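What follows is the residue order along each chain.
There are 2 protein chains.
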Amino acid sequence: MKSLEKSDPKFLELNTRLTEIDDIESAAALLHWDQATYMPAGGAPARGRQLATLRQIAHEKFTDPVIGQLLEDLKPYEDSLSYDSNEASLIRIARLSYNRSVCVPASFMAELSQHRSASYEAWAKARPANDFTIVQPYLEKTLDLSRELAGFFPGYEHIADPLIDFSDADMKASTLRQIFSRLRQELVPIVEQITSQPAADDAFLHQHFPETKQLEFSRRIIERIGYDFKRGRQDKTLHPFMTRFSTGDVRITTRVYENDLGQGLFSSIHEAGHAMYEQGISREFEGTPLASGVSSGVHESQSRLWENLVGRSRGFWECFYPQLQGVFLRELGNISIHKFYRAINKVARSLIRTDADEVTYNLHVTIRFDLELAMLEGSLSVRDLPEAWNERYRSDLGLVPATDSEGVMQDVHWYSGVIGGMFQGYTLGNLMSAQFYETALNINPEIPVDIERGNFTSLHQWLQENIYQHGRKYTADELLERVTGSPLSVEPFIRYIRGKYSELYPM
Amino acid sequence: MKSLEKSDPKFLELNTRLTEIDDIESAAALLHWDQATYMPAGGAPARGRQLATLRQIAHEKFTDPVIGQLLEDLKPYEDSLSYDSNEASLIRIARLSYNRSVCVPASFMAELSQHRSASYEAWAKARPANDFTIVQPYLEKTLDLSRELAGFFPGYEHIADPLIDFSDADMKASTLRQIFSRLRQELVPIVEQITSQPAADDAFLHQHFPETKQLEFSRRIIERIGYDFKRGRQDKTLHPFMTRFSTGDVRITTRVYENDLGQGLFSSIHEAGHAMYEQGISREFEGTPLASGVSSGVHESQSRLWENLVGRSRGFWECFYPQLQGVFLRELGNISIHKFYRAINKVARSLIRTDADEVTYNLHVTIRFDLELAMLEGSLSVRDLPEAWNERYRSDLGLVPATDSEGVMQDVHWYSGVIGGMFQGYTLGNLMSAQFYETALNINPEIPVDIERGNFTSLHQWLQENIYQHGRKYTADELLERVTGSPLSVEPFIRYIRGKYSELYPM
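Sequence order for the protein chains is D and P.
The first sequence maps to residues 29 to 535 in this note's numbering.
The second sequence maps to residues 29 to 535 in this note's numbering.
The hints are simulated quantities; they were obtained by calculation from the structure and are not laboratory data.
Just so you know, same-sequence chains aren't split out, so a pair can sit in one copy or run between any two.
Keeping only pairs whose Cα atoms sit at most 25 angstroms apart, straight-line, the calculated DSS-like set for lysine-lysine is:
#, residue 1, residue 2
1, K258, K153
2, K89, K103
3, K264, K241
4, K169, K200
Quantities reported herein were computed from a predicted structural model and do not represent experimental measurements.
Can you make the complete structure from the sequences, with help from the hints?
Structure below.
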């Protein structure tokens, strides 16, 4: 943190130590980015070891009792400052992370980390082979370890709560169940109504779109909406992601399918949404735990806001569609904007979460969330998971996967992470994106007009001021309350979906 | 190090610790590579800090007294093993580095590191402004710090010896003076004789050669000579370099000038020479201090061998020139191989070391080496350095730089390092390259014939077996004796130069 001349010496000491840890974590993030982008195949074995070493050192340094002592000694200093102050916030957030980290023995973390790698390897073989029995023993151990991990945080209401807390702090399984159940109740009839009508024609999105042209156009778009290439870059990877090495270096990756225009385009906007958030964090927080997004949910709200609420809006394409047609004249010259707009908002029951439209998407998430809870509670065994998965797809989406590869093995999360807390952030993000955006439009009704004109400054500035700059200073709940005046609610999302889709599909 | 089942437990402990340190150093190397290749400008401030943090941690871990104790405890174990064994070698080399590292206080290293950055910044401004007075105070401090650094190693014969020892262990200023003086004595009349004749015409190398085609051709060449792209890659940077993250990931960088065909081509072969050395180190040494080149001189011998003795040989181009002509048909279609061969071996008195041909190159080095010694001895002040530089260029090369930018400020070394030990490795490398290559040809006279046919296996295998695989196991002297049966000598290089250039320029 900068400008600390007048601070408590113990605060300075804490700050120095946290920055050192941030440096190590940023180095690990770069090793990972390199692994996904440019590393030659031969680098893999040593890279795994190097990453483990850096993470281990960062963990050791963060759980050093000296940090605990500093945090304790700094309590009176923290209490003397306002809750909102940068310094009090840093102490508060560091304490939260510290308390969480010291609960888990380093030996357990090492075991879990090793198991996650092994499990990922198994999944990478099992999925193309469509053989769930390969991953089953790994997943059983993952479930055991997930329970053990939760056990390090006694006093929970639901065994999933500590696991959810890792990515969406303060969220509880009981709250999520209520929210998700209300959401499902609203969405199922909407999906019903839409899919009873003729589907939008999106065949023209599957012509041949050369990679270079796609990349150039995506780049133009994300630069225009506010992603700063002087403080970032975009490279190709198998799976798109965003990663941050400092406020001045926040990178995104993308993938392009030459036979699917939407993939590269919307994933670029999605990752740029994540990245603009991190680029917008106050420079004061550089090198501290405040310099990241609040939670999985809030982060996803920023990517989905740009990808869906802006990037799949009619106004956005009023501005950009003529440009896109210019780039792909032969492919799109005869396609009207109305037809294009319908195609990029095609709603369909489908099997794959990552390809799902914004109406059905959350149904995919709630299925996974419920199955996670059932496994943790012990009411569902790993052995019965594929059948339970298929059953829920039949009941919620009216489809049954023909194979486990496009069923229970489609997502990497359980196979490279833990069971519990892996999916709720996606839906929380969708809900929050609508809640934030509704507020932004209430406060500045010019935003949609600006967007139609290709001017994203008003929206970008609103996000910068209300969300980006704060980094991790506030919890998700605090941020929602501060920005929207309300706690998390399903209603803005439902209003958004109804408003948008009733125009596309009379309801 | 692998396959250690039967080792002493303390050896295993040492090995584990050294691998952890190697992991951190490899991560730092990746941060540096990224900074030079893909990092956006905004990443610079944090990157400097992150690099400093990793290096500091590696230094702390390596100078941990526990390492010293392990090395002491392992002395009897080491003595029970043969000198050549991997384990004894690892203990021996680790002890050498450890003893060197603990001599220098961490606070001094931090000061030096900080000063080097500041000095580099000053040079980056002073050089384009052609203003030596900007760097003079920095260089004066560099000289003070260099003397102080040498002072941590009392008992030296010459104050430069400890500084030379950092990159070319066991080399002494007195030995180098003798060797360099003998070399200069031989070279000056050869340069005289050559430059009294009409210069080779290399104007055609300065036509327009598109970057992409140059990069493709260089890639083809270095892959053919044995650089393994599955365990490496080549990217563009301002200054070419080689860097190693593991035996499976040894990368090189290059730069291309569209109006100078030789630059990209020969610097690619040069860096590939460095990289093949590191790629060829025994996999047993992975993650240990044995997994690197012996010394600055031996490393340079491997790059220069490929760049000059192979890459600028007539036989090499008998194979590749038709291919090069095929790529640049319009530019080279009418240029005979003889004319091309003369052009890439043009000898000329010049001002810039990095552009110098292989005959005059060492004269540039000896100038710098003598000036370093004079400054360290106190017989030359930094203030008088530019004049002394110009005087030596007049006497040795018959040219005087018009500006300090193309004179005393041309090389980054003194401005980002120390004064002392910075340059001798280049000439040692040239000498050793000839000594090694002469031995290789004596043992396998088929090598040049193979090269003419585009077959580099015989040479590559000889290097692999005799040099690459050993990594840092032997000192430069030991390696020379083992491989060539003789200590370092000027004669093979002189024989090589006379042999090659008497054909090109009758002497």
